[in-house]
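**Q** My request is simple: use the sequences and hints to build the entire structure.
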Amino acid sequence: MEKNNYVIFKKHYGNIKRPRVKELSINLNGVKIYEKDQSMIINIIVPVEESTKVVEYFEEFNLGEDIQFNISDTGDFECTFRGISPVIDKNSYSSFSITVQEKEPQDEMKG
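Residues in the sequence shown are numbered consecutively from 1, following our numbering.
Be careful, since some hints might not be right.
[As the list claims (entries may be wrong)] Derived pair list, reagent style DSBU-like, types lysine-lysine, alpha-carbon separation capped at 30 Å: (1) 53 x 90; (2) 90 x 10; (3) 36 x 53.
Treat the hints as calculated values from the structure; they're not laboratory data.
**A** This is the structure:
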């Protein structure tokens with residue numbers, strides 16, 4: 001898998017002693033990101049045969065939970081999960097949207 005062609009979503013779970021990450025990779029051609037107010041809407045289009053796995057991944061997130069995504073291996077965006085839209089099945093593809101809010105960058109200069 002060529003990382004430059006994918007958006008990789010990351011869900012962190014576990015605890016400090018045993019941190020774990022669950023990742024989901026989606027081809028970049030199936031992901032469109034729009035900014036709206038202080039949020040981002042991420043439209044996702046995947047083949048129908050992949051839609052159940054993809055939707056279940058996002059349904060595991062609770063509102064307000066941390067989510068990260070990395071576009072084409074450019075670095076992680078730290079966000080807060082805000083919700084998922086209903087899934088629309090059309091011919092051989094399924095589409096839906098998730099809403100995330102980018103976290104405020106931590107001011108490292110604060111003491």
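**Q** Next, verify each hint and record whether it holds.
**A** Going down the list of hints, with the structure as the test:
no. : hint    : verdict
1   : 53 x 90 : holds, 17 Å
2   : 90 x 10 : holds, 27 Å
3   : 36 x 53 : holds, 27 Å
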